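2 protein chains.
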Amino acid sequence: MQITRRDLGRFALATAAGSALSPAQEHKLGFCIVGLGRISMQHFMPALQMSTKARLVALVSGHRDKAAKEAQKYGVPASNIYSYDNYDRIADNKEIEAVYIALPNSMHAEYSIRAARAGKHVLSEKPMATSVRDSEEMIAACRKANRKLMIAYRCQFEPLNLRAIRMIRDGKLGKIQAIESANGFDIKPNEWRLDGKLAGGGPLMDVGIYSLNACRYLTGEEPGQIKADASVIDHDGRFNEVEENLSWTMKFPSGIVASCNTTYGCSMPGFYRVHGNKGMIHMEPAFSYQGIRLTAKIDGEPPIDDASPDKDPVQFLREADHMADCVRENREPKPNGEEGLKDMKIMMEIYKSCGRR
Amino acid sequence: MQITRRDLGRFALATAAGSALSPAQEHKLGFCIVGLGRISMQHFMPALQMSTKARLVALVSGHRDKAAKEAQKYGVPASNIYSYDNYDRIADNKEIEAVYIALPNSMHAEYSIRAARAGKHVLSEKPMATSVRDSEEMIAACRKANRKLMIAYRCQFEPLNLRAIRMIRDGKLGKIQAIESANGFDIKPNEWRLDGKLAGGGPLMDVGIYSLNACRYLTGEEPGQIKADASVIDHDGRFNEVEENLSWTMKFPSGIVASCNTTYGCSMPGFYRVHGNKGMIHMEPAFSYQGIRLTAKIDGEPPIDDASPDKDPVQFLREADHMADCVRENREPKPNGEEGLKDMKIMMEIYKSCGRR
Numbered sequence: 001m002q003i004t005r006r007d008l009g010r011f012a013l014a015t016a017a018g019s020a021l022s023p024a025q026e027h028k029l030g031f032c033i034v035g036l037g038r039i040s041m042q043h044f045m046p047a048l049q050m051s052t053k054a055r056l057v058a059l060v061s062g063h064r065d066k067a068a069k070e071a072q073k074y075g076v077p078a079s080n081i082y083s084y085d086n087y088d089r090i091a092d093n094k095e096i097e098a099v100y101i102a103l104p105n106s107m108h109a110e111y112s113i114r115a116a117r118a119g120k121h122v123l124s125e126k127p128m129a130t131s132v133r134d135s136e137e138m139i140a141a142c143r144k145a146n147r148k149l150m151i152a153y154r155c156q157f158e159p160l161n162l163r164a165i166r167m168i169r170d171g172k173l174g175k176i177q178a179i180e181s182a183n184g185f186d187i188k189p190n191e192w193r194l195d196g197k198l199a200g201g202g203p204l205m206d207v208g209i210y211s212l213n214a215c216r217y218l219t220g221e222e223p224g225q226i227k228a229d230a231s232v233i234d235h236d237g238r239f240n241e242v243e244e245n246l247s248w249t250m251k252f253p254s255g256i257v258a259s260c261n262t263t264y265g266c267s268m269p270g271f272y273r274v275h276g277n278k279g280m281i282h283m284e285p286a287f288s289y290q291g292i293r294l295t296a297k298i299d300g301e302p303p304i305d306d307a308s309p310d311k312d313p314v315q316f317l318r319e320a321d322h323m324a325d326c327v328r329e330n331r332e333p334k335p336n337g338e339e340g341l342k343d344m345k346i347m348m349e350i351y352k353s354c355g356r357r
Numbered sequence: 001m002q003i004t005r006r007d008l009g010r011f012a013l014a015t016a017a018g019s020a021l022s023p024a025q026e027h028k029l030g031f032c033i034v035g036l037g038r039i040s041m042q043h044f045m046p047a048l049q050m051s052t053k054a055r056l057v058a059l060v061s062g063h064r065d066k067a068a069k070e071a072q073k074y075g076v077p078a079s080n081i082y083s084y085d086n087y088d089r090i091a092d093n094k095e096i097e098a099v100y101i102a103l104p105n106s107m108h109a110e111y112s113i114r115a116a117r118a119g120k121h122v123l124s125e126k127p128m129a130t131s132v133r134d135s136e137e138m139i140a141a142c143r144k145a146n147r148k149l150m151i152a153y154r155c156q157f158e159p160l161n162l163r164a165i166r167m168i169r170d171g172k173l174g175k176i177q178a179i180e181s182a183n184g185f186d187i188k189p190n191e192w193r194l195d196g197k198l199a200g201g202g203p204l205m206d207v208g209i210y211s212l213n214a215c216r217y218l219t220g221e222e223p224g225q226i227k228a229d230a231s232v233i234d235h236d237g238r239f240n241e242v243e244e245n246l247s248w249t250m251k252f253p254s255g256i257v258a259s260c261n262t263t264y265g266c267s268m269p270g271f272y273r274v275h276g277n278k279g280m281i282h283m284e285p286a287f288s289y290q291g292i293r294l295t296a297k298i299d300g301e302p303p304i305d306d307a308s309p310d311k312d313p314v315q316f317l318r319e320a321d322h323m324a325d326c327v328r329e330n331r332e333p334k335p336n337g338e339e340g341l342k343d344m345k346i347m348m349e350i351y352k353s354c355g356r357r
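Respectively, the protein sequence lines represent chains P and E.
Its first residue numbered 1, the first sequence is counted upward by one per residue in this note's numbering.
Its first residue numbered 1, the second sequence is counted upward by one per residue in this note's numbering.
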């Protein structure tokens, strides 16, 4: 999880090159971080430090001390530290152009909507919300305020995942028939992720969503039929409100079938296999912060075994930069609210199929 | 697929040791091969040649020339070649003690039942039949005739699959939470496997059954809930009668969930992953005739990476020997008719779930 000297050198070069850009291009999108959890502190904020397009300008936290410490670390003035009580006052702060919502899932909608109303662009962590209705309200609020809404699907910026998509679209694998995917981990007790109200669901919402999203970006299709089984094995207090294990199948309009697993009950390496009649891609790790590895066997071609040299938090850097590009160029972000809404609707179908809704 | 000199040496030794056995132990179970397809000619008959417990004594085939050639190769007298017309006359041949049924799936039941009525023990290839009713009639016929009925689930004799089961039962993986498995291949046109009446189903019946059977022997449980999606993508004449792709989930009484894929539309390496809260087993190839490989990560132990040195047709040798042991010792074969029936019932549930029954 360390930034190497080489990475720093690379980004220093990028910054140096940036000084030749026009003033508009030189402007860095000012981000306000909403929620100081692991993903903000260990990934997104360090990524902003590396960015030539975005920068950290403000923090929102319920813990003043923690916020003050982080603010000092990143050179954020104390006047740009907000609490959840005075959150709406970000409207008055011109430095804040966008918010990064890294709160428990069920709070994404409210804080995204309030940000949009305050005139800020929104980058929300996945899942975008915990219900279809909340997701739709986020989209409507951002549209009404004429602000961008992006969902932080970092794998959609990851070069080997993009390469897998390109190989499939280019027909390298022939006709795709089937996909296997899994993603899970052994969760510690007392996490907000185990609180039904805050999380909205279990491993599906949190990590299974990577498999789901991958099946959609790999096929370029939306599943028509969805079936699922969920279970709780460990009656140790962790799974009173959310599922522990979930297996599901999806059938896409072209006939591609997918079978997926997710869990909070044990380690489950994130992977996918895409089978076509001319070859197969195996991606593993497929969804990690770094170390993504693509292996492929294509008929009549030498085997592919490619590991990404990217170090964490480069995936977050790409997200932040894309958001900045979209704001600057007035473009729709690529994983936008509609993209998040599609996953949300499918997850609700999955929960319905296994009787958890 | 070659028997090495080393293998031959090993089996020569076993045979030499065998000469010290009692007459009862020296007796080799006389097998009649019913159906001269790939599996008989390339695997089971060569396996019998290696066996110290079973031997090839007769053949049944619709192709007299082919049968004569094979008979000569294996030293089977011409008088021991039968056709499907005079099949019931095997009753009069004392040398024939057991039949190996390697016909298209839908014929397993009829030829097993006729063999039992002729007083012969039955080893039938999987799937044991193409319906629950046929399976039950096979079981009843063998029981009535007081003959053994074994189903040729060769992976249940494969040492690394057995080791996986043992590791799980010994608690090495902790509490099992989830399994992923897949198995499939790109089928050539005009195979009997594509004929709905002969095959009874598509890849599920033929190769998906390995994943299904593995999920059952790995968990030691019977699935309570089963859901599936099937599809046909290639409208090239191959899949007019059977499914091309099938994904399914199973939920076991303990809560273990499994997601599985099978296909006839493309290559799909046979594998399974078993996830427990103390470790994971990845078996791949899991179901091949040789080259089985087990990798495992167990908490606090060095990683396991073990490839089987077994060469084809050793898995078939083990099957034949087990059948011989069961007949000699009057024991119930381990994968018996009831075992085959369980898979049959589950496969019918799977087909029902995806609307193909």
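These aren't lab readings, by the way, just hints derived from the structure by calculation.
On a predicted model such as this, the values are computed, not experimentally measured, just so you know.
Some clues are possibly wrong.
Said to hold, decoys possible - Here chain E is said to cover these stretches of chain P; the calculated rule only asks that three of the stretch's residues, wherever they fall, bring their Cβ under 8 Å from a Cβ of chain E:
1. 127-134
2. 182-189
3. 194-203
4. 266-276
Even for Gly, the Cβ is constructed at its ideal location relative to N, Cα and C.
Here's how the hints hold up against the structure:
no.: 1; hint: 127-134; verdict: violated (count 0)
no.: 2; hint: 182-189; verdict: holds (count 3)
no.: 3; hint: 194-203; verdict: violated (count 0)
no.: 4; hint: 266-276; verdict: holds (count 7)
When each numbered hint is compared with the structure, violations occur for hints 1 and 3.
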